[in-house]
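2 protein chains.
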Amino acid sequence: MVHKRLGPQTVKFDNPPSIISASSIVGQKEGKGPLARYFDEILEDELWGEKTWEKAESKILRETINKVISKANKTNSDINYILAGDLLDQCISTNYAIRESNIPFFGLYGACSTMSESLSLAAMLIDGGYADNIISATSSHFCSAEKQFRYPLELGSQRSPTSQWTVTGSGASLVSSSGNGPYITHVTTGKIIDMGIKDSSNMGCAMAPAASDTIFRHFEETGSIPSDYDMIVTGDLGYIGMEILDELLINLGCRVSDKLHDCGVMIFDRDQQDTHAGGSGCGCSASVFNGYLYQELTNGTLNRILLVSTGALMSPTSIQQGESIPSIAHAVTIQKTRG
Amino acid sequence: MVHKRLGPQTVKFDNPPSIISASSIVGQKEGKGPLARYFDEILEDELWGEKTWEKAESKILRETINKVISKANKTNSDINYILAGDLLDQCISTNYAIRESNIPFFGLYGACSTMSESLSLAAMLIDGGYADNIISATSSHFCSAEKQFRYPLELGSQRSPTSQWTVTGSGASLVSSSGNGPYITHVTTGKIIDMGIKDSSNMGCAMAPAASDTIFRHFEETGSIPSDYDMIVTGDLGYIGMEILDELLINLGCRVSDKLHDCGVMIFDRDQQDTHAGGSGCGCSASVFNGYLYQELTNGTLNRILLVSTGALMSPTSIQQGESIPSIAHAVTIQKTRG
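Note that the protein sequences, when read in sequence, are chains A and B. Taking the working numbering, I'd label the letters of the first sequence as residues 12 to 350. Taking the working numbering, I'd label the letters of the second sequence as residues 12 to 350.
Among the clues, some could well be false.
Put simply, identical chains are the same to the list, so a pair is met inside one copy or across any two.
What the hints assert, rightly or not - Below, in silico cross-link-like pairs of lysine-lysine (DSSO-like), each with a Cα-Cα straight-line distance of 30 Å or less: (1) 23 with 40; (2) 15 with 158; (3) 62 with 15; (4) 209 with 62; (5) 78 with 158; (6) 82 with 158; (7) 347 with 62; (8) 62 with 270; (9) 62 with 78; (10) 158 with 23; (11) 62 with 158; (12) 158 with 270; (13) 85 with 158; (14) 23 with 85; (15) 85 with 209; (16) 158 with 347; (17) 209 with 158; (18) 209 with 82; (19) 23 with 209; (20) 85 with 270; (21) 15 with 209; (22) 40 with 82; (23) 40 with 270.
No lab work stands behind these hints: they were computed from the structure.
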């Protein structure tokens, strides 16, 4: 066995899989944000030549997957599995994106935790010897998400100050049994945490306790400390959720403040691009990881990060039925060297 | 390494994981069908004390998971992961079912292929040494599915003769690194197949080509032949899809007719219970496998089966946008002895 269980939620890889390529495509608004130069492609409009937002989202994901394969000088037949999912009902962005790929597929649903969920499973399947090359991918689209989860865009509804802006974008990683890094060295798999938050316009607040739980378990089970990381990066807690997370971790005796970042905070400019509480969506941590963070890990600006994509697992139906918001966060340690 | 890749889609386990317990709960109609005596519990009504169909479905899944744990004399803390998903938007049946479980969770979306998808991933994670005990589970509910995918039940819409009846039910397997079988010896992971079928009232027809592809690849990559199996059991092709599958396989030179069965055909009595084209839903192959098939494998009536749960990966939105139905099928070899 080339791996080790460190605790109830954490697995360590002695032969860590390598992320040999990464790609990201984002929408116009994301392309005007502070991370613009890290993305492979920036769309000129929200439809990209398609007739509907859902088809546009699917095309973004399809092209991102095509890019991650070609960047690694591989072809579809080199890929053993795709592990992917998205926010749309029945994950149609993913299903239609990959239907011509001819690659064996495991569909995931982790809401906005999908990026780290898919990296976690990919790393285990590769380290376990079941695959040499796996694509982990996900997407979201502002327009398809608003339409499905909130109000028709045409209604021009006012957004709550605590609400977040769904990122139009996608990201894909090619995880491989051989390569020169960055490497996935640990995964800490989240449990569902539900603290009774019912305000679906305040997802950061609902998801922060899940992030706190997973990050705390990660440190506990790995014996690592915050200073072992250059960045601890949550998926899409936004400004409000990140502040709550910081406080929750301090209450647990875990001071990460100066290491803590959030993809939803980083992807937009707070002053120039009003998104209220920051960015969100599966595509948020997917594009920030596969754009910005991957490049900084590759060029050595970052040596070790903990990526903690965060997902809110409710639906419009469950909210209408008075339910609170169950959340989950999966953590993945990614570092430049094998360690 | 204790495993082997036999081909592009098939993995073989040299130390096959064992399914140490299985449980199933079904609705009233399923409880009047020919497999009634194999289910752990039959509901007296569609709501089971809950206020909504979605909450009822979630309760069915929660109780099925509780049963599979207690049947194996385990507690929640013995379970390393739950791998589960369902048909409802954002998989809320699953998310709410397990939110109090305190068990690390990977959410899946494979539509009605979820049972064999979750068994496939569970077997790899266990054989790879990442877990000792994993729960694979899924559910569906006639009322919540009709409401979401078709028409409000209150409308009393006439159903198409090719349509299938979503099973109210769920199934859970506890897959373990140690145990006395039945064992999961092979998994053949499906690719998305889309033959352009657009009639969402004829899912069996849309899914049959995916089942054919996966079954054909399974025989090709494992070198096995139909007579090596007591049963080749598809998930929910129903009468129409099963006939198409049989024909597709014959065209590929693969005669499985006398071994071919379908959970959607088996769960209801064609004469006494008119469901038109048969049963369907994630809960169809989940309840039939974890009820009937598991017991027959345990008592030795069956020695070796190929379980091929079949999923249609469209959504109401994609159908309204003129899209065809992408489908997938995952195959799992399950046998009484280690082989």
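Do the hints match the structure? See the list:
1. 23 with 40: Close neither inside one copy (38 Å) nor across copies (47 Å); limit 30 Å.
2. 15 with 158: neither (44 Å within a copy, 45 Å between copies)
3. 62 with 15: Intra 48 Å, inter 44 Å, cutoff 30 Å: neither.
4. 209 with 62: The answer is between: 18 Å across copies meets 30 Å, while 34 Å in one copy does not.
5. 78 with 158: Within one copy only: 28 Å inside a chain, 39 Å across chains, cut-off 30 Å.
6. 82 with 158: Classified as neither: same-chain Cα gap 33 Å, cross-chain 44 Å, threshold 30 Å.
7. 347 with 62: neither (41 Å within a copy, 52 Å between copies)
8. 62 with 270: Intra 42 Å, inter 45 Å, cutoff 30 Å: neither.
9. 62 with 78: within (23 Å within a copy, 47 Å between copies)
10. 158 with 23: So residue 158 and residue 23 fail the 30 Å test inside a copy (40 Å) and across (44 Å) alike.
11. 62 with 158: For residue 62 and residue 158, both the intra-copy (15 Å) and inter-copy (27 Å) Cα distances are at most 30 Å.
12. 158 with 270: Intra 35 Å, inter 46 Å, cutoff 30 Å: neither.
13. 85 with 158: neither (36 Å within a copy, 44 Å between copies)
14. 23 with 85: both (27 Å within a copy, 25 Å between copies)
15. 85 with 209: So residue 85 and residue 209 fail the 30 Å test inside a copy (45 Å) and across (33 Å) alike.
16. 158 with 347: So residue 158 and residue 347 fail the 30 Å test inside a copy (39 Å) and across (49 Å) alike.
17. 209 with 158: both (20 Å within a copy, 23 Å between copies)
18. 209 with 82: neither (43 Å within a copy, 35 Å between copies)
19. 23 with 209: neither (35 Å within a copy, 45 Å between copies)
20. 85 with 270: neither (35 Å within a copy, 39 Å between copies)
21. 15 with 209: neither (38 Å within a copy, 47 Å between copies)
22. 40 with 82: Intra 25 Å, inter 53 Å, cutoff 30 Å: intra-copy only.
23. 40 with 270: within (26 Å within a copy, 56 Å between copies)
Violated hints, listed in ascending order, are 1, 2, 3, 6, 7, 8, 10, 12, 13, 15, 16, 18, 19, 20, 21; each of the other numbered hints is respected by the structure.
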